[in-house]
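Same order as they appear, the protein sequences are chains W and R.
According to this note's numbering, the residues represented by the first sequence are 1 to 182, in order.
According to this note's numbering, the residues represented by the second sequence are 1 to 282, in order.
Treat the hints as calculated values from the structure; they're not laboratory data.
Because the structure is a prediction, the values reported are computed rather than measured.
Every residue gets a Cβ at the ideal spot worked out from N, C-alpha and C, and that includes glycine.
The reader is advised that the hints may include incorrect statements.
As the list claims (entries may be wrong) - A few chain W residues facing chain R, derived, Cβ under 10 angstroms: (1) P5; (2) L74; (3) F147.
Stated by the list, open to error - So these bits of chain R aren't anywhere near chain W, every CB distance computed over 12 angstroms: (4) R76; (5) V120; (6) P188; (7) P197; (8) D211; (9) Q220; (10) N239.
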Amino acid sequence: MILTPKILARLVAIVLLGVVLQLSFFSRVALFHVSPDLLPVLVVCLGLLGGTMTGAVSGFAVGFLLDCLLIEPLGGASLVLLATGYLAGLFRERFEIHSPLVPPLLCMGLTVFAELGFGAVELMIGIDTSVSGLVVRDLLLKGVYAFLLGWPIYLGLRRVLRPALIDEQAVRRTRRPTVLGA
Amino acid sequence: MYRKQVRRRRAVLALLIVGSFVLLTITYGSGSNGLQRGVSTIFSPIQSVADGALKPARDMVNWFDQTFDARGRNSRLEDELQVARKAAVGADAALAENAQLRKLLGLDSSGAIPSGYEPVTARVIARSPTVWFSDVTIDAGSGDGVEVEDPVVNGDGLVGKVSAVTGGSAQVTLIADHSSAVSAKVVPLASQGLIRPNVGDPADLILDFIDSAKHIHKGQAVVTAGWRSGEIGSDFPPNIPIGEVTRASIVEQEASQQVHVRPYADLRDLDLVQVLTGGSRG
């Protein structure tokens, strides 16, 4: 990703908007008693578009802001979401995205990974109560919602960040010029 | 050049990971810090505006969820209605007696708010997105008199307690959060225990450590115990409704000393709540 002040401002705006939308809307709607989690999807899409560093840094920033606004111990969400963003970026750097199904599938898989990560952080801090089997249902449904949210968010972010994307630049350079009247 | 870039990337990644662990170590268990208070102060008005603006869209999505849910509830409610009609006759007499007793004790006539507490009404402006945490952020903070450990209720019953406060907002840890524990009693049996969550299922709480000699039955109400012993006491005042017993097998009561309780408050869908500020607890 080619970082310019303008692109950086767009990234900051995306992170802020994503966190506010999650807390004020997505966390407070429920379908089949489960709320969609936009934030891992956002971080995965940023990782897929920008690579490991963009994924990790945006994951850290999203997690940090989330913990600040929820008045939770800082660092837990950052750790999980930076790992999520890094993995998405690693996928982008190692493999080509040939199919339009790849971003939503990755969003689904890495959202489940992130939710398990949040559970692991809880376990690390110390969870001493019983855990309902419904957690599995919630995780799977969150994965399904992430799959559905993945493609539109990926397309939207690609559009917003287009000037900064290296792939898009390469496509533009290799595109043949249109010859008028030929 | 490439190696330098790789090394720089690794350094940034290591810095972020170490930073996360350091932040977690420093801030865990310390409540809100200056940074969080600052960020929260800036974002609270934005969240309030977003909360108001997105309410119609939220209501629409939630309407679908509630419609699916209502189909299943309908038949159960009809059964419950029959039982409730029978109970209502007895309840009328009990209410009259209760009103007299309240008058004698000088308690608040409505009974909704325990005496000595000043209720502060607040709106939920944010909610934790993961399945592991059950906490919400409300738009009332220390500026409104809210303090850490203040009990939080809504029209249906106990919701949780304040776990961190900033100037204009507060974090409420719900009774379904893994860190929550509320001393409670079953009425009219007065068998006491500890309400613990069943993480991942906010509609199912566990009343733990009960006296297995006193058998509890399905449908009995559970309220806060509000005990006090010298200087220490429960954070919650007594007799705030928590929920009703949904599963109470004799085997489970004798083997695990626990029964299952469904909270009266819908912890998944909270909008307006009341923080009970001030007052002597217990």
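Here is what the structure says about each hint:
1. P5: 19 angstroms, violated
2. L74: 4 angstroms, holds
3. F147: 17 angstroms, violated
4. R76: The claim stands: R76(R) keeps its Cβ more than 12 angstroms from every Cβ of chain W (closest is about 16 angstroms).
5. V120: Correct as stated: the minimum Cβ-Cβ distance to chain W is 17 angstroms, above 12 angstroms.
6. P188: 28 angstroms, holds
7. P197: 6 angstroms, violated
8. D211: 20 angstroms, holds
9. Q220: Fine: 21 angstroms to the nearest Cβ keeps Q220(R) off the interface.
10. N239: 25 angstroms, holds
Of the hints listed earlier, those the structure fails to meet are numbers 1, 3, 7, in rising order.
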